[in-house]
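Enquirer: Chains as they are written, first to last, in the numbering used here: chain A, 1 to 114; chain B, 1001 to 1112.
Just so you know, the hints here were simulated from the structure itself, not pulled from any lab data. A couple of the hints might just be wrong.
What the hints assert, rightly or not - Derived DSS-like pairs: lysine-lysine, alpha-carbon spacing no greater than 27 angstroms straight-line:
{"no.": "1", "chain 1": "A", "residue 1": "LYS42", "chain 2": "B", "residue 2": "LYS1018"}
{"no.": "2", "chain 1": "B", "residue 1": "LYS1009", "chain 2": "A", "residue 2": "LYS42"}
{"no.": "3", "chain 1": "B", "residue 1": "LYS1018", "chain 2": "A", "residue 2": "LYS58"}
{"no.": "4", "chain 1": "B", "residue 1": "LYS1036", "chain 2": "B", "residue 2": "LYS1022"}
{"no.": "5", "chain 1": "B", "residue 1": "LYS1053", "chain 2": "B", "residue 2": "LYS1040"}
{"no.": "6", "chain 1": "A", "residue 1": "LYS22", "chain 2": "A", "residue 2": "LYS42"}
{"no.": "7", "chain 1": "B", "residue 1": "LYS1040", "chain 2": "B", "residue 2": "LYS1009"}
{"no.": "8", "chain 1": "A", "residue 1": "LYS22", "chain 2": "B", "residue 2": "LYS1041"}
{"no.": "9", "chain 1": "A", "residue 1": "LYS68", "chain 2": "A", "residue 2": "LYS42"}
{"no.": "10", "chain 1": "A", "residue 1": "LYS71", "chain 2": "A", "residue 2": "LYS22"}
{"no.": "11", "chain 1": "B", "residue 1": "LYS1022", "chain 2": "A", "residue 2": "LYS58"}
{"no.": "12", "chain 1": "A", "residue 1": "LYS22", "chain 2": "B", "residue 2": "LYS1036"}
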Amino acid sequence: GENVEQHPSTLSVQEGDSAVIKCTYSDSASNYFPWYKQELGKRPQLIIDIRSNVGEKKDQRIAVTLNKTAKHFSLHITETQPEDSAVYFCAASIQDTGRRALTFGSGTRLQVQP
Amino acid sequence: DTEVTQTPKHLVMGMTNKKSLKCEQHMGHRAMYWYKQKAKKPPELMFVYSYEKLSINESVPSRFSPECPNSSLLNLHLHALQPEDSALYLCASSLSQGNTIYFGEGSWLTVV
């Protein structure tokens, strides 16, 4: 099966700084990589995703990059704000084959200090 | 609309009780999921239904019994649970298995 490793487990930054969270995956067949944000006591919510035919995707202050050769993908948050404080999970799956569901990384607790 | 609705939001049950968690979506999604999440941990997959058939059972103890009455509904029947089963139970759905999943708000379960 798939194994997704995520680093760091905790990350503290000053407001306005950038934050980077990295994930590696084991199954070269994986082709879909979403990122979820989970605020305390709430559900995980999709913030951005990337498919294996794309190397980078941006949405305002959030970007995700994918290196298929190295089997790793990263989340980049620029100009961090206190409301970015949450736990972030990366995930990987093989889309549209029904072979398996998303495999999640272990999570990164991001704290943005005002 | 990316709404997955779960009931109840909170449930306290004794170890001899029988209860059910319910989940509903009206997005036309054909895959539905149950995840279990403990504090400070990622969601842990329990079951996947694809086109109303059980597709994945992640070796979940039989005291958890899933049911998919139709393409919009997913239930999780609970019986003879243990205190260590206390957790947040998240239902989710996706267009098809392996695609973007959308989580419900979860049911906080406490077993006493």
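Enquirer: State for each hint whether it applies.
Expert: Status of the hints after comparison with the structure:
no. : hint                    : verdict
1   : LYS42(A) - LYS1018(B)   : holds (26 angstroms)
2   : LYS1009(B) - LYS42(A)   : holds (11 angstroms)
3   : LYS1018(B) - LYS58(A)   : violated (47 angstroms)
4   : LYS1036(B) - LYS1022(B) : holds (14 angstroms)
5   : LYS1053(B) - LYS1040(B) : violated (31 angstroms)
6   : LYS22(A) - LYS42(A)     : holds (23 angstroms)
7   : LYS1040(B) - LYS1009(B) : holds (19 angstroms)
8   : LYS22(A) - LYS1041(B)   : holds (17 angstroms)
9   : LYS68(A) - LYS42(A)     : violated (32 angstroms)
10  : LYS71(A) - LYS22(A)     : holds (11 angstroms)
11  : LYS1022(B) - LYS58(A)   : violated (36 angstroms)
12  : LYS22(A) - LYS1036(B)   : holds (24 angstroms)
Checked against the numbered hints given earlier, the structure breaks hints 3, 5, 9, 11 and satisfies all the rest.
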